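Listed in order, the protein sequences are those of chains U and L.
Here this note's numbering is used: the first sequence runs in plain steps of one and ends on residue 739.
Here this note's numbering is used: the second sequence runs in plain steps of one and ends on residue 739.
Hints in this document: simulated from the structure, not taken from any laboratory.
Predicted model only: the values in this text are computed from it and were never measured.
This list has only true hints and no planted wrong ones.
Computed footprint of chain L on chain U; a stretch qualifies when at least three of its residues, placed anywhere within it, have a C-beta under 8 Å from a C-beta of chain L:
(1) 523-536
(2) 674-688
Ranges between beta-carbon positions, derived for each pair:
(3) GLN608/L / ASP595/U: 39 to 45 Å
(4) THR567/L / ASP562/U: 17 to 23 Å
(5) ASP595/U / ASP638/L: 42 to 48 Å
(6) PRO662/L / PRO565/U: 38 to 44 Å
(7) GLU656/L / GLN547/U: 30 to 36 Å
(8) HIS548/U / THR567/L: 17 to 23 Å
Where is the CB? At the ideal position from N, CA and C, for every residue including glycine.
There are 2 protein chains.
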Amino acid sequence: MTTPIDATRHIGILVFDQMEELDAVGPWEVFAWWAQHFQGDGWAVTTFSADGGPVTCEKTLVIQPHHSTATVPPLDVFLHPGGDGTRGMLEDASHLQWLREQRQHVPLMTSVCTGATVFAAAGLLHDRPATTNRTALDQLTRLDETIIVKPGQQYVDDGDIITAAGISAGIDMALHIVGRLTTLERSRQVRDGIEYYPEPASDGEYVPAADPRAGQPGYRERSPTEST
Amino acid sequence: MTTPIDATRHIGILVFDQMEELDAVGPWEVFAWWAQHFQGDGWAVTTFSADGGPVTCEKTLVIQPHHSTATVPPLDVFLHPGGDGTRGMLEDASHLQWLREQRQHVPLMTSVCTGATVFAAAGLLHDRPATTNRTALDQLTRLDETIIVKPGQQYVDDGDIITAAGISAGIDMALHIVGRLTTLERSRQVRDGIEYYPEPASDGEYVPAADPRAGQPGYRERSPTEST
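Can you build the whole structure from these sequences, using the hints too?
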């Protein structure tokens with residue numbers, strides 16, 4: 512069954528100055544890869560900033576979003592990244608009020624890294640389990656002592672709110688969301704598509720070229736004097 | 512020991528139209544997190560496009576790089592992402608020639624995803640082990656039959672060239688490179704910093720809020736009628 516175009520459901524990722532790059536671009540890649548390869552699922556993903564202008568991320572990368580808050584389509588899933596830019600947001604009454612308004616309309620509110628601290632400041636995590644960057648777990652409790660902090664999980668799914676741990680945990684959360692919105696099979700297809708099979712921490716040792724070739728079809732020892 | 516400013520070593524990530532977003536931003540996050548938190552190591556990372564202008568990535572994200580090829584500092588490590596934009600590069604004689612010139616000056620040439628196909632077209636992978644996106648492994652051989660294709664690895668380290676598999680494998684490669692350039696301990700610190708502890712494929716099942724709270728300090732059953 513093909514989903515009619517006007518039935519497209521939208522995932523929106525907020526971007527802002529001093530946002531942590533991978534907090535946004537990790538989930539972006541997961542959702543966008545899914546939307547591109549499985550258009551019949553009927554989902555789209557977009558990015559937006561408060562005024563629609565470009566943002567300078569925490570590590571200095573500049574991203575030009577697709578929309579402003581005024582032009583972004585009605586969202587089915589909202590994602591709030593983290594980063595140093597969240598510090599000011601904790602006391603930005605208009606941003607917190609805007610978040611509370613989103614809560615009234617958006618079925619699934621999600622955060623990555625210290626994005627959860629902004630949710631906490633807006634009161635969205637009251638009496639709920641949640642996580643954030645491991646260096647900000649205490650801050651969650653300071654912002655709202657009713658939050659049940661869950662260390663040691665890549666993300667915490669509380670139904671209509673999902674919070675992820677630090678930075679790359681947003682990728683795990685996004686794959687989980689794809690699974691929730693569709694099927695485990697689809698989530699695995701996206702995981703395979705982006706080849707998310709991370710390896711254990713490497714010591715970065717250089718394995719001489721001859722070693723990985725040994726036993727391979729076409730393998731032959733290279734003479735030390737042979738040019739590459 | 513503090514490294515003098517003029518001894519800074521540079522990692523450069525090329526960006527281009529139809530580049531796959533995470534191919535670049537995954538390694539960017541790893542390298543930038545490292546450079547920010549361990550400035551004494553003396554490394555910096557930057558991005559650049561051919562003309563210094565913004566690029567529109569494969570999934571439609573727009574990124575404004577820091578430099579053009581004319582202004583980027585001399586590189587110690589070069590990273591070539593993949594994506595649909597590499598297709599045209601395979602027959603872009605000036606880009607391939609530029610890559611061969613980089614090879615003469617840059618000690619460590621690296622690629623993510625189909626970035627390896629461009630290296631292959633430039634002749635950089637002749638008689639070497641390499642990998643690429645799993646859907647492009649055959650293409651590597653078609654471009655240069657002497658390449659020893661290595662499926663099933665997140666990256667292939669051949670000393671002065673490292674090629675990564677698809678999309679998110681660039682994160683694994685970048686952590687490996689940090690380890691090679693410094694120590695295993697440093698690589699693990701960066702891995703911990705970005706909380707790269709990916710979970711197995713999830714079925715996205717919603718675990719009711721009460722479950723994760725059970726047994727936690729402060730846990731209490733929420734009445735079904737209690738507002739959140």
